[in-house]
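Enquirer: Sequence:
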Amino acid sequence: MRLLLWKGLIISRMMYNAMKLIRKGKVKEVYQKDDGTLEFIFTDNVSVFDKIIPSAIPFKGETLCRTAQYWFRLLDKNGIKGHFIEYIPPNRMFVKRFNIIEDYDKINTKTTNYLIPLEVICRHYAAGSLMDRIKSGKITPEALGFEKGHVVKYGEKLPRPYLETTTKLEATDRELEETEAKKIAGLTDKDYQGILDAVLAIDKIIGEEAAKRKLIHVDGKKEFGYNEKRELMVIDTFGTCDEDRWWDLVSYEAGKVEELSKEFVRQHYRETGYHEELMNARAKGLKEPPIPALPDNVVKRVSELYVSMFERITGEKFR
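For the sequence shown, the working numbering begins at 1 and goes up steadily by one.
If you're looking for bench data, these hints aren't it; they were derived computationally from the structure. Do not rely on the hints blindly, as some may be mistaken.
[Stated by the list, open to error] Here are the simulated EDC-like pairs of lysine to aspartate or glutamate, each with C-alpha atoms no more than 16 Å apart in a straight line:
hint, residue 1, residue 2
1, K96, E86
2, K229, D191
3, K214, E316
4, K51, D173
5, K110, D191
[What the hints assert, rightly or not] The calculated label-pair distances, taken between Cβ atoms and stated as ranges, are:
hint, residue 1, residue 2, range
6, N297, K26, 22 to 30 Å
7, L169, P290, 20 to 28 Å
8, N280, E228, 41 to 49 Å
9, E258, E228, 18 to 26 Å
10, V151, N108, 26 to 34 Å
11, K284, L163, 26 to 34 Å
12, R270, E178, 26 to 34 Å
13, D76, D34, 23 to 31 Å
14, E178, K110, 50 to 58 Å
15, D35, E142, 36 to 44 Å
16, A211, V151, 44 to 52 Å
17, S136, M19, 24 to 32 Å
18, H150, K214, 23 to 31 Å
19, V298, N99, 22 to 30 Å
For glycine and all other residues, C-beta sits at the position ideal for the given N, C-alpha and C.
Could you put together the complete structure from these sequences and hints?
Expert: Dropping the structure here:
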């Protein structure tokens with residue numbers, strides 16, 4: 001029996017080593033299988049402000065992987081196509097592969113089977129970086145649907161969902177106007193609107209499911225690709241504690257905003273002064289300061305948050 005187990009382990013490792021690592025992101029590794037599909041391996045890394053924090057978070061990779069596959073399955077039941085194929089416990093999944101075209105000039109309105117080089121953010125409440133831009137005057141209350149002169153407060157529900165796009169394949173995410181977003185992604189007006197409509201449809205599902213478990217879905221990002229028939233498909237991951245922001249519904253109704261995503265990790269770096277130091281360096285084109293590790297008590301709290309949020313978002317037990 002031991003010999004069989006040992007042989008099985010060797011074969012498993014040989015198959016794993018035979019796969020080609022094609023992308024090592026901030027929180028997951030992407031391998032290409034022999035059949036052309038991809039394998040996502042979710043790590044225990046956590047990133048904020050486009051920085052990987054030098055602190056591993058126990059169980060984070062597993063919770064993200066399991067949460068993502070939960071949403072893919074639910075969207076499929078609702079007729080929304082995704083690239084998800086199979087979940088491999090505890091922290092891996094197989095997905096359909098799309099071509100990554102970094103040269104925007106090689107993408108046009110007839111290109112097929114490619115990753116659309118955009119991230120679409122949908123915001124339902126005033127929070128995070130949106131609040132920073134409101135305070136700085138970069139975004140006016142009127143642009144969000146408020147009346148002229150309205151003073152936006154943190155945690156306030158927006159009159160309508162606020163959609164914006166950023167780059168996906170560039171070193172640092174860059175905000176895009178609609179015209180440039182369509183140009184670099186090879187999208188017609190109809191294509192672009194179809195993506196926005198898909199985001200709103202997905203967020204409607206997420207919001208309804210979250211409310212059942214006393215959660216508020218504050219905001220989140222989505223990514224897409226076109227298959228061989230140029231049919232829109234949701235790709236990567238979404239609806240997790242990394243891509244999305246969540247608040248406790250009961251606390252919110254009592255007048256308190258209780259952060260239930262990695263937002264409180266961002267707040268940790270704001271409170272310690274690192275965020276301000278980083279933003280000043282970026283604004284002046286200076287060398288960016290390395291991000292410090294998290295204290296042990298914060299690591300423990302973050303790990304517990306990811307586990308508890310997996311259970312609240314999906315309604316499933318972690319163990």
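Enquirer: Evaluate each hint against the coordinates.
Expert: Comparing the hints with the structure gives:
{"no.": "1", "hint": "K96 - E86", "in the structure": "holds, 10 Å"}
{"no.": "2", "hint": "K229 - D191", "in the structure": "holds, 14 Å"}
{"no.": "3", "hint": "K214 - E316", "in the structure": "holds, 15 Å"}
{"no.": "4", "hint": "K51 - D173", "in the structure": "holds, 12 Å"}
{"no.": "5", "hint": "K110 - D191", "in the structure": "holds, 11 Å"}
{"no.": "6", "hint": "N297 - K26: 22 to 30 Å", "in the structure": "holds, 23 Å"}
{"no.": "7", "hint": "L169 - P290: 20 to 28 Å", "in the structure": "holds, 24 Å"}
{"no.": "8", "hint": "N280 - E228: 41 to 49 Å", "in the structure": "holds, 47 Å"}
{"no.": "9", "hint": "E258 - E228: 18 to 26 Å", "in the structure": "violated, 44 Å"}
{"no.": "10", "hint": "V151 - N108: 26 to 34 Å", "in the structure": "violated, 44 Å"}
{"no.": "11", "hint": "K284 - L163: 26 to 34 Å", "in the structure": "holds, 31 Å"}
{"no.": "12", "hint": "R270 - E178: 26 to 34 Å", "in the structure": "holds, 30 Å"}
{"no.": "13", "hint": "D76 - D34: 23 to 31 Å", "in the structure": "holds, 25 Å"}
{"no.": "14", "hint": "E178 - K110: 50 to 58 Å", "in the structure": "violated, 20 Å"}
{"no.": "15", "hint": "D35 - E142: 36 to 44 Å", "in the structure": "violated, 51 Å"}
{"no.": "16", "hint": "A211 - V151: 44 to 52 Å", "in the structure": "violated, 28 Å"}
{"no.": "17", "hint": "S136 - M19: 24 to 32 Å", "in the structure": "violated, 45 Å"}
{"no.": "18", "hint": "H150 - K214: 23 to 31 Å", "in the structure": "holds, 29 Å"}
{"no.": "19", "hint": "V298 - N99: 22 to 30 Å", "in the structure": "violated, 39 Å"}
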